[in-house]
Amino acid sequence: MRQSAFSRLADWSAERPWLWSFVGAGLIFLATTAFTSGKGGGDVLTAALTFATFYVIVGIGQMFVITTGPGNVDLSIPANIALAGAVAMKVMDGSNAMIVPGLAAVAAVGLAIGCFNFALIRILSIPPIIATLSASFLVQSTAIAYGRGLRIKPPPIFAELATGRVLGVPILAIIAILVAAAMALVLRRTVYGRSVLAIGQNARAAGLAGIRVARVRFATYVLSAVFASFCGALLAGFSGGASLNMGEEFLLASIAVVVIGGTSVAGGFSNVPGIWGASLFLYLLVTMLNTFGVGAGVRLILTGLIIIAVIALSGGRRPGRG
Amino acid sequence: MDAPSASAIVQLEGVRKSFGAVRALAGVDLDVRAGECLGLVGHNGAGKSTLMQVLAGTLAADEGRLVVAGDDITASAGVAAARAHGVVCVFQELSLCPNLTVAENARVMHRAFRGFGWRKRAGAAMAAMLDDIFPRHGIDPADVVADLSIARRQMVEIARAFLVTDEPLRLVILDEPTSSLDQVVAEQLMAFVRRFVARGGSVILISHLLGEILATSDRVVVMKDGRVVETRPARDFTRDSLVAAMGSVAAREDEKRAAAAQPAGEVVVEARPARQADGRSLRARRGEIVGLAGLAGHGQTDLLVRINAAAQGREPHARVAGAVAFVAGDRQSDGVFPLWSIAENITIRSLGGLRRFGLIDPAAEARMAEEWRQRIAIRTPDMGNGILSLSGGNQQKALFARALASDAGIVLMDDPMRGVDVGTKQEVYGMIRAEAARGRTFLWYTTEFDELRHCDRVYVFRAGAIVAELAANEITEERVLQSSFAEEAA
Chain A
1 MRQSAFSRLA
11 DWSAERPWLW
21 SFVGAGLIFL
31 ATTAFTSGKG
41 GGDVLTAALT
51 FATFYVIVGI
61 GQMFVITTGP
71 GNVDLSIPAN
81 IALAGAVAMK
91 VMDGSNAMIV
101 PGLAAVAAVG
111 LAIGCFNFAL
121 IRILSIPPII
131 ATLSASFLVQ
141 STAIAYGRGL
151 RIKPPPIFAE
161 LATGRVLGVP
171 ILAIIAILVA
181 AAMALVLRRT
191 VYGRSVLAIG
201 QNARAAGLAG
211 IRVARVRFAT
221 YVLSAVFASF
231 CGALLAGFSG
241 GASLNMGEEF
251 LLASIAVVVI
261 GGTSVAGGFS
271 NVPGIWGASL
281 FLYLLVTMLN
291 TFGVGAGVRL
301 ILTGLIIIAV
311 IALSGGRRPG
321 RG
Chain B
1 MDAPSASAIV
11 QLEGVRKSFG
21 AVRALAGVDL
31 DVRAGECLGL
41 VGHNGAGKST
51 LMQVLAGTLA
61 ADEGRLVVAG
71 DDITASAGVA
81 AARAHGVVCV
91 FQELSLCPNL
101 TVAENARVMH
111 RAFRGFGWRK
121 RAGAAMAAML
131 DDIFPRHGID
141 PADVVADLSI
151 ARRQMVEIAR
161 AFLVTDEPLR
171 LVILDEPTSS
181 LDQVVAEQLM
191 AFVRRFVARG
201 GSVILISHLL
211 GEILATSDRV
221 VVMKDGRVVE
231 TRPARDFTRD
241 SLVAAMGSVA
251 AREDEKRAAA
261 AQPAGEVVVE
271 ARPARQADGR
281 SLRARRGEIV
291 GLAGLAGHGQ
301 TDLLVRINAA
311 AQGREPHARV
321 AGAVAFVAGD
331 RQSDGVFPLW
341 SIAENITIRS
351 LGGLRRFGLI
361 DPAAEARMAE
371 EWRQRIAIRT
381 PDMGNGILSL
391 SGGNQQKALF
401 ARALASDAGI
411 VLMDDPMRGV
421 DVGTKQEVYG
431 MIRAEAARGR
441 TFLWYTTEFD
451 ELRHCDRVYV
461 FRAGAIVAEL
471 AANEITEERV
481 LQSSFAEEAA
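Top line first, the protein sequences correspond to chains A and B. Read in UniProt numbering, the first sequence has 150 at position 150, and its numbers run on one by one without any break. Read in UniProt numbering, the second sequence has 489 at position 489, and its numbers run on one by one without any break.
Because the hints were derived from the structure by calculation, they are not lab data. Small disclaimer: the values here were computed from a predicted structure and weren't measured. Hints may contain errors.
[What the hints assert, rightly or not] Label pairs and their in silico Cβ distance ranges:
| id | chain 1 | residue 1 | chain 2 | residue 2 | range |
| --- | --- | --- | --- | --- | --- |
| 1 | A | N245 | B | R111 | 49 to 59 Å |
| 2 | A | G42 | B | A377 | 54 to 64 Å |
| 3 | B | A377 | A | R188 | 53 to 63 Å |
| 4 | B | R355 | A | T46 | 35 to 45 Å |
| 5 | B | G392 | A | W12 | 47 to 57 Å |
| 6 | A | L305 | B | G138 | 53 to 63 Å |
| 7 | A | R212 | B | A151 | 12 to 22 Å |
| 8 | B | A463 | A | A214 | 47 to 57 Å |
[As the list claims (entries may be wrong)] Here are a few chain A residues that face chain B, going by a calculated C-beta distance under 10 Å:
| id | residue |
| --- | --- |
| 9 | R188 |
| 10 | R189 |
| 11 | R194 |
| 12 | N290 |
Even for Gly, the Cβ is constructed at its ideal location relative to N, Cα and C.
Turn these sequences into a full structure, and let the hints guide you.
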């Protein structure tokens with residue numbers, strides 16, 4: 001009986017690959033609060049929810065891209081964040097009335113970058129890793145030229161949206177949870193989401209099964225770019241203005257949260273909840289090491305090692321279906 | 001007939017080879033003599049390529065003896081042993097490294113080119129060999145292979161095989177060597193083969209161009225179903241007797257098939273193969289079962305893929321009226337989504353119609369899967385199980401279900417019965433006929449002759465083009481073979 005209960009538990013967790021990222025995040029949270037004897041636990045949690053939000057937004061876009069199959073990845077996210085943040089602040093120009101036009105401009109930036117990335121990949125047949133990386137140089141240069149000396153504060157309402165809380169929960173986190181829920185539905189229950197999963201498993205078979213492979217990939221690169229652009233705008237609102245290097249950490253973070261969240265790097269298998277677990281995990285990990293008083297160098301080393309360990313361990317639990 | 005003479009350079013005795021349940025070689029005896037060109041013919045799946053792979057050491061035989069130049073190398077069989085005994089094979093799939101030059105590719109096979117200045121020596125040797133076989137070839141040994149045309153790559157491959165360095169060269173196996181060469185170059189090669197055997201070398205020549213076989217070979221061996229069925233001097237064969245030896249001589253009595261009353265439906269598919277030089281094109285009417293025949297790899301799959309693309313508006317050279325579904329024959333690369341359940345693999349083609357309020361309805365999806373589990377008898381306790389939990393034949397049924405469950409009025413089948421057991425085949429044939437009677441159109445590429453008899457019309461393909469169109473009462477194995485092997489400009 002125990003055996004069957006155990007194997008049922010194993011099946012249950014195998015179908016929920018995101019479980020482990022939440023378990024990891026929980027353990028790290030416990031370790032941190034144990035170290036501080038429970039003080040400041042609430043603050044850590046609030047901060048984690050806030051910062052994880054940014055990881056979640058770019059992570060979801062990156063997850064869709066990675067899911068479309070081996071070799072697909074969007075490396076233009078950091079430059080995109082820098083440009084979108086600058087455009088948002090400049091168009092909004094500190095005025096509440098300009099928030100909506102500002103967000104429209106941000107969407108346009110995302111759309112343009114997504115189209116440009118896919119044009120390089122499709123028309124010039126450049127591998128996605130190179131295409132998005134070289135696009136990111138162009139985008140970053142545009143951001144530098146456009147945002148030089150930019151010192152514009154976000155409009156008050158936009159800043160409130162980015163930093164405010166409802167019942168102690170950051171507004172941003174609530175938005176990100178809703179977005180994640182919607183994207184989970186898109187992945188599982190729409191023709192587009194199923195097409196992404198199918199293409200990631202076998203692009204040729206997907207084409208022969210009537211899926212318009214190029215169109216789906218195009219939509220996916222645009223999706224990733226638009227998500228990154230909105231992340232850039234929110235980040236600028238959150239930190240009181242845009243800066244050119246605010247996207248830097250998102251290059252590796254966006255990929256790390258996808259992989260830690262249980263998405264297959266080989267494509268065709270992914271889940272949205274894992275992005276949340278992994279984002280919390282990643283933020284809490286850094287917080288824990290800070291709390292322990294570890295120096296910056298050691299912190300980076302430990303972060304790297306822990307991510308490697310997580311990915312190595314997760315390699316053993318490929319979907320055991322059938 | 002002739003006892004293996006003392007001059008036999010290669011002797012194969014009782015060679016058997018099976019791949020799982022498929023018996024590729026059912027006990028083959030073959031001998032090749034010094035100074036002869038041996039022609040080897042037979043249709044696809046007869047076992048020619050498997051036999052040559054055993055001889056060249058790339059496949060190990062399950063049973064049987066392999067003697068080369070008097071040494072029994074059965075135990076040590078392998079590429080190295082074959083090479084050491086002077087057996088070289090030019091396979092159909094080219095084996096050159098595209099990123100290297102012609103001279104460097106010579107070095108890959110011939111270790112003798114070493115030390116200072118090896119590139120120069122390898123280049124000179126290749127240039128001399130190319131000059132010998134293919135005068136005015138226009139290939140520079142410093143050319144990178146990737147920059148050469150397919151024909152020139154084939155020439156380099158052949159020249160490299162005939163190069164003699166530190167190992168003896170007794171037997172060269174040429175598997176479809178002229179498939180990408182034009183008439184003139186092919187004749188140069190055949191003339192060289194005659195010179196090579198006149199000097200005492202031996203060649204095994206595999207070709208689907210029967211004229212080439214008859215003109216160049218000393219003896220011809222005919223294989224069928226994994227056995228040698230005929231061995232005779234080439235001069236004793238004519239084209240017709242050779243074709244007859246490959247197929248069954250007596251035309252089979254056609255079983256009673258639903259007499260194809262001339263279908264009156266409108267034309268729903270019209271497509272021209274990419275390499276079709278004349279005005280012929282493939283047409284299929286509503287409710288017709290149209291066969292695509294000919295030897296494997298002569299453009300049938302390519303045309304089906306193009307028709308599929310045309311349905312998505314990505315192919316200007318084919319016209320399709322209505323939705324199209326594709327049943328893959330190569331399950332792993334063209335059909336199955338390995339991470340998904342059986343149900344998800346079936347419904348992927350029909351998701352658009354399973355939506356409620358814009359979202360896929362899981363209940364409708366489950367209903368479709370369950371319906372097809374019963375209709376096509378997929379043997380599984382649960383359609384939620386992974387597709388890979390099924391046997392190959394049942395995976396194939398799931399792929400049929402994917403196409404038949406869809407709204408597609410046109411079903412393209414790419415030799416879909418590979419690896420499917422007899423019982424399943426009969427079930428599926430029945431479904432195809434029933435669906436055709438209901439107005440669905442089937443385009444059916446098959447390499448199994450028996451399946452063509454389910455067709456209302458058959459197009460025979462050769463070298464990427466349609467060469468014959470046979471009406472229902474003209475479909476005989478002989479007619480199909482005759483067209484498959486016909487010469488250019490007969």
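So, going through the hints one by one against the coordinates:
Here the CB-CB span from A:N245 to B:R111 is close to 55 Å, well matched to the stated 49 to 59 Å. About 60 Å separates the C-beta atoms of A:G42 and B:A377, a value consistent with the hinted range of 54 to 64 Å. Distance hint for B:A377 and A:R188: a CB-CB separation of about 29 Å, inconsistent with the stated range 53 to 63 Å. The hint said 35 to 45 Å for the Cβ distance between B:R355 and A:T46, and at roughly 39 Å that hint holds.
Between B:G392 and A:W12, the C-beta spacing of about 31 Å breaks the proposed range 47 to 57 Å. For A:L305 and B:G138, the Cβ-Cβ distance of about 58 Å falls inside the hinted range of 53 to 63 Å, so the restraint holds. Between A:R212 and B:A151 the beta carbons are some 36 Å apart, a value that contradicts the proposed interval 12 to 22 Å. Checking the proposed 47 to 57 Å range against B:A463 and A:A214 shows it is violated: the Cβ atoms sit about 30 Å from each other.
Of the supplied interface hints, the one on A:R188 holds, with its beta-carbon coming within about 8 Å of a beta-carbon of chain B, less than 10 Å. Interface hint status for A:R189: upheld, as the beta-carbon distance to the closest one in chain B is roughly 4 Å, under 10 Å. A cut of 10 Å between beta carbons decides the hint on A:R194: the least distance to chain B is about 6 Å, and the hint holds. Hint on A:N290 is violated. Least Cβ distance to chain B is approximately 39 Å, over the 10 Å limit.
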